[in-house]
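A.B. asks: The residues making up each chain are set out below.
Number of protein chains: 4
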Amino acid sequence: MTINYQQILDEIRREVSPFSDEGKVADFIPELALVNPAKFGIHLITTEGDRFSTGDEDEKFSIQSISKVLSLSLAIKFSGEKIWERIDVEPSGNAFNSLIQLEYEHGKPRNPFINAGALVVADMLISNLAEPKEDFLEFVRNLADCPEIDFNYKVAQSEKSHGFRNAALANLLKSFGNLENDVEQVLDFYFHQCSIEMTCRELAYSFLFFANEGKILHKDEQILTQSQIKRLNALMLTCGFYDESGEFAYEVGLPGKSGIGGGIVAVHPKTYSVATWSPRLNEKGNSVLGMRSLELLTTKTGMSVF
Amino acid sequence: MTINYQQILDEIRREVSPFSDEGKVADFIPELALVNPAKFGIHLITTEGDRFSTGDEDEKFSIQSISKVLSLSLAIKFSGEKIWERIDVEPSGNAFNSLIQLEYEHGKPRNPFINAGALVVADMLISNLAEPKEDFLEFVRNLADCPEIDFNYKVAQSEKSHGFRNAALANLLKSFGNLENDVEQVLDFYFHQCSIEMTCRELAYSFLFFANEGKILHKDEQILTQSQIKRLNALMLTCGFYDESGEFAYEVGLPGKSGIGGGIVAVHPKTYSVATWSPRLNEKGNSVLGMRSLELLTTKTGMSVF
Amino acid sequence: MTINYQQILDEIRREVSPFSDEGKVADFIPELALVNPAKFGIHLITTEGDRFSTGDEDEKFSIQSISKVLSLSLAIKFSGEKIWERIDVEPSGNAFNSLIQLEYEHGKPRNPFINAGALVVADMLISNLAEPKEDFLEFVRNLADCPEIDFNYKVAQSEKSHGFRNAALANLLKSFGNLENDVEQVLDFYFHQCSIEMTCRELAYSFLFFANEGKILHKDEQILTQSQIKRLNALMLTCGFYDESGEFAYEVGLPGKSGIGGGIVAVHPKTYSVATWSPRLNEKGNSVLGMRSLELLTTKTGMSVF
Amino acid sequence: MTINYQQILDEIRREVSPFSDEGKVADFIPELALVNPAKFGIHLITTEGDRFSTGDEDEKFSIQSISKVLSLSLAIKFSGEKIWERIDVEPSGNAFNSLIQLEYEHGKPRNPFINAGALVVADMLISNLAEPKEDFLEFVRNLADCPEIDFNYKVAQSEKSHGFRNAALANLLKSFGNLENDVEQVLDFYFHQCSIEMTCRELAYSFLFFANEGKILHKDEQILTQSQIKRLNALMLTCGFYDESGEFAYEVGLPGKSGIGGGIVAVHPKTYSVATWSPRLNEKGNSVLGMRSLELLTTKTGMSVF
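Residue numbers (this note's numbering), protein chains in the order written: chain F, 1 to 306; chain P, 1 to 306; chain R, 1 to 306; chain U, 1 to 306.
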């Protein structure tokens with residue numbers, strides 16, 4: 001059975017449009033609030049290299065928490081299973097209570113995709129990289145096959161001036177001995193990592209190696225082993241959407257990761273990688289149209305991991 | 001590629017045997033503590049009807065929490081999506097805090113596989129079935145294609161006399177208005193449901209419809225729709241193993257459900273259903289050898305949902 | 001300096017009257033919701049035996065949680081300091097989270113005035129009294145010097161049919177091994193104890209021994225030792241008003257205890273005991289006019305324990 | 001009845017000496033761990049100006065959290081009741097969970113004596129004082145009638161380098177909008193305030209105004225109104241000893257405050273102020289010999305507020 005992805009993306013675009021006023025743009029940092037809420041794009045690339053897209057798929061947006069999957073990939077490349085001594089792999093329950101959970105669990109974050117976990121990953125990268133920010137950026141550029149990908153320094157700065165909760169988390173981690181480097185340095189790396197800007201096209205390609213058994217398509221480069229890929233896909237499925245991870249698994253049924261910039265990326269193992277972007281978020285912090293689009297995608301293709 | 005399941009099961013049995021003294025048998029109710037801790041069995045059945053097995057696969061054991069998937073299936077058959085008004089689909093975070101989470105979330109259980117959620121499902125069945133216990137048993141017998149499946153009344157009675165924590169949960173649910181029937185009646189149904197005894201062979205067949213697009217193999221009976229099956233598989237993957245659900249997804253990568261009787265059942269969508277039994281549990285309440293066996297199974301076959 | 005208590009009570013009555021529409025009557029059980037919300041009474045008795053009063057001071061009302069001080073007194077009479085092996089003496093933080101705290105602290109209630117603590121006290125009395133309910137009633141009648149004091153069986157029955165949260169607490173205590181007797185029996189005793197009805201006059205006299213160094217005034221009967229009285233007064237001051245105990249200490253500055261029937265009793269060590277009644281409650285469950293009246297009393301007399 | 005305080009202090013010293021090896025010196029910052037654990041002193045001063053003492057009552061120690069009462073007094077002097085819009089007056093339940101409680105209660109600390117509350121008080125002082133640290137020091141010197149009282153800059157620096165948990169709290173407060181000034185500045189003030197060193201003699205005199213209706217003895221200076229004093233005494237009694245406040249009220253029955261430097265100060269309203277010092281702490285962070293000494297003091301004098 002051949003799937004006509006382009007026709008499906010076109011249908012999705014039509015079918016989600018009645019909901020394009022739902023949700024609101026993230027406004028916790030001024031820079032992010034400036035985005036045009038009407039933007040909407042999808043880009044899907046198969047492991048055969050076929051590309052399909054619709055809407056504003058070629059416009060840059062802030063990938064925010066989606067970067068956590070990329071930083072984790074790099075940390076695993078360096079340190080392998082050892083990283084799980086400092087971070088767990090369990091879903092986190094309530095989004096709001098990261099500090100609470102972190103205190104009860106003595107500074108070991110529940111998983112690498114909650115902020116506390118991503119801060120520990122950032123700390124690991126700082127310890128392992130000669131030029132942490134530059135080297136991480138290079139890693140992302142290579143995955144995306146796009147040398148112009150960059151931080152948005154204004155966004156990074158803006159997060160720094162408003163990121164008191166992340167500073168609280170980093171200090172709490174430090175108090176439990178779960179940060180090796182200075183709190184300031186870890187926060188600086190983390191805010192930069194989140195400020196990376198990419199298009200749907202670039203994002204979909206960057207995540208294609210999760211669908212392609214760990215290899216970058218059309219390159220002879222194995223980023224992670226098949227076993228590592230399987231595990232990261234499992235983590236994305238169970239923990240990728242904050243307090244709505246169960247909902248996403250239930251409705252969509254694919255590993256994926258969202259960011260409060262309105263992006264979502266998802267992969268169908270061995271088949272495709274897809275990125276959506278629409279800035280209006282639901283109350284759990286996930287893109288309204290992105291969630292709907294991916295639900296339609298798995299329904300229309302009849303293909304989820306389940 | 002053809003997989004030699006029998007050879008793999010034989011290898012698994014050999015490879016897990018060095019760990020057969022790890023963990024301890026559940027002893028919170030006297031009846032369950034009487035089981036022989038050395039028991040170990042696996043039964044796998046494909047959607048083609050091929051069967052493979054090893055060890056004590058034909059011996060009855062208490063399915064305990066595995067029954068929650070079966071009661072949920074019956075509730076969904078009756079009430080469809082409506083049941084999610086009273087139960088959520090999110091992983092629960094910490095196992096120990098079911099009461100705490102239930103109080104913070106005003107009596108709406110996080111998912112149908114924590115005890116609070118299963119009590120609400122039991123309440124729904126009582127409201128919808130003429131003879132709740134008998135009708136549920138009939139449903140299970142039909143799925144397992146085995147008319148002798150029965151409750152263990154001694155185990156049910158034993159749980160009743162010791163189940164103060166479940167009684168606390170049921171009363172708390174009632175105080176929030178999330179039980180329609182009497183607390184006593186709900187607990188009675190729940191303790192009976194958990195006391196059902198099955199063999200690995202029966203259990204694997206009972207869950208085969210989750211791998212077989214909702215249909216009982218070799219019968220012309222559609223239990224749930226394909227869409228419902230996809231969602232239940234997602235739920236099992238994200239919530240099936242208490243506080244170790246993330247670990248199971250990460251290590252094994254299949255939808256599944258464990259019980260403190262030492263059983264685990266898992267499905268590979270469209271491919272197979274497998275049941276393992278070994279009574280020694282790890283500290284999270286999941287069978288030590290069962291977890292290891294299933295991890296080996298997905299590694300050796302190279303097949304998980306990811 | 002002689003204090004004109006009668007004049008002060010008259011002033012208080014006038015000064016609180018503008019606030020007589022604030023708050024609402026407890027309605028969690030139908031029987032209690034029937035009370036006339038306009039009722040208001042005060043009765044003060046000094047350790048010299050002088051009595052002062054105003055308003056509906058001679059009308060019966062449901063003492064509810066105020067009974068917890070009396071049951072605790074009887075338990076201490078029997079078991080002395082030993083009871084603190086099963087209950088702590090610390091303020092409880094948030095009212096709403098009794099179940100949560102109880103779970104985190106492994107079934108040892110924070111203090112004897114939260115419901116969990118009072119249930120453990122009830123359990124102790126059942127273990128120590130031949131006819132628990134009758135013997136406790138006799139103890140209260142003696143303190144109040146009033147043989148007609150009785151349970152309101154309708155209220156007790158009503159609480160039983162609606163007391164799911166208390167049943168949850170009792171079952172949780174039982175699951176931690178902190179109840180010796182049957183859950184049902186403990187709840188039955190507790191609901192009866194709370195249903196006792198008294199007037200302000202009777203209540204003030206019942207608590208006078210806390211101001212009178214442990215002795216019932218005009219009787220030669222030492223109920224508790226001076227040291228025990230000091231400690232119970234401390235407990236009332238730190239824990240007597242649910243989540244508003246700090247507020248009461250801060251505003252009023254006397255040991256006391258409130259009940260959701262609208263009663264409050266407070267003592268000035270060595271000086272007086274005072275009971276107020278007004279059924280409208282603030283959001284923390286304490287009588288609005290009662291709190292105001294006692295604040296005015298300590299301000300106008302210039303006498304608190306601080 | 002005349003009380004022979006000197007004889008009582010001498011007895012206390014004898015009676016507590018068998019316990020002088022219990023507990024351990026605070027070691028969370030290196031500077032504090034250097035103290036001689038065998039130190040023990042008491043100084044009591046009555047509102048008549050009579051002084052009694054024993055042991056190392058004239059040796060300086062780090063007052064630590066005891067400073068929170070002095071900073072609060074100064075804040076109330078400036079801002080009166082308005083400060084309670086940003087801090088509550090309720091006991092805090094568990095010591096360990098300050099971050100948790102703060103998050104649940106949206107950044108409003110439970111009381112001014114937990115660290116979060118003291119940080120908000122520090123923030124208020126910074127907003128109100130021209131030279132915050134110097135002016136606060138001046139206030140303390142005046143209360144103690146001792147111009148050489150000073151910060152220990154080494155201790156302040158040491159706390160700064162290790163105070164990640166306080167930094168976490170301050171950042172969390174800032175994220176909830178409950179700090180006006182920079183996180184760094186608030187922490188700097190707070191660490192200095194805690195580093196103040198005083199002797200038992202100086203400390204007892206500094207707190208005498210709480211027993212002397214708000215006036216410094218032998219000076220014509222009213223620090224706080226009688227009503228404010230009553231309220232602060234109530235706060236010390238309900239919240240002065242971390243998670244052991246109920247225990248202190250129950251065993252000792254006086255308003256007081258402890259510090260992890262091993263100091264405790266307590267007041268008997270209208271009668272005396274007393275300071276003890278002994279560096280070994282129990283597991284709740286309160287001085288073992290200090291707690292015992294004050295319990296003996298109220299037992300032997302027969303005088304507590306209850």
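Treat the hints loosely; a few may be bogus.
Note that the list lumps identical chains together, so a pair holds whenever it fits in one copy or between two copies.
Computed cross-link-like contacts, DSSO-like style, restricted to lysine-lysine with a CA-CA straight-line distance of at most 27 Å [to be verified]:
#1 284 to 108
#2 108 to 154
#3 82 to 300
#4 270 to 300
#5 300 to 39
I should point out that these hints are in silico values taken from the structure, not numbers from a laboratory.
A quick note: this is a predicted structure, and the numbers were derived from the prediction, not measured.
A.B. asks: Could you check the structure against the hints above and give me the numbers of any it violates, in ascending order?
C.D. replies: 2
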